[in-house]
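Q: Sequence:
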Amino acid sequence: MEYILKGKEKIERSVISKRRDSRMDVKRVKQILSSSSRIDVTYEGVPVWIESCDEQSGVAQVYDVSNPGESVHVNVTALEEK
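With numbering that gives the first Met the number 0 applied, the sequence shown corresponds to residues 0 to 81, in that order.
Keep in mind the hints are simulated off the structure, nothing from the lab.
Every residue, glycine too, gets a C-beta built ideally from N, C-alpha and C.
All clues stand as given, with none of them false.
With a Cα cut of at most 16 Å, we get these calculated EDC-like pairs of lysine to aspartate or glutamate:
(1) Lys26 x Glu50
(2) Lys81 x Glu43
(3) Lys26 x Glu79
(4) Lys29 x Asp39
(5) Lys26 x Glu54
(6) Lys81 x Asp39
(7) Lys81 x Asp24
(8) Lys26 x Glu80
(9) Lys29 x Glu50
(10) Lys26 x Asp53
(11) Lys29 x Asp53
(12) Lys29 x Glu79
(13) Lys29 x Glu80
(14) Lys29 x Glu54
Derived CB-CB ranges, DEER-like:
(15) Glu43 x Gly68: 16 to 22 Å
(16) Ser33 x His72: 16 to 22 Å
(17) Gly68 x Lys26: 24 to 30 Å
(18) Asp53 x Glu80: 15 to 21 Å
(19) Tyr62 x Ser33: 15 to 21 Å
(20) Ser56 x Gln30: 17 to 23 Å
(21) Asp24 x Gly68: 23 to 29 Å
(22) Ser65 x Lys26: 24 to 30 Å
(23) Gly57 x Ser34: 18 to 24 Å
(24) Asp24 x Val45: 18 to 24 Å
From just these sequences and the hints, can you work out the full model?
A: Shown next as structure tokens:
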């Protein structure tokens, strides 16, 4: 197990990697769309549901969980898995 120091805190390197790699790619968005499980995703810190994803443009249609009537199109790299 490998650790790095962050200030006075010792953190496992795999934890840092997961934090850094929490941004989405098209492949992961497609996996989430086909999953039967609930997977928490945010856009700019707001919980969202992914409605669809255009693989060629890398754009997903999402809507705010608290306001499902309005959807927006966002780059998949702007989405974060929690």
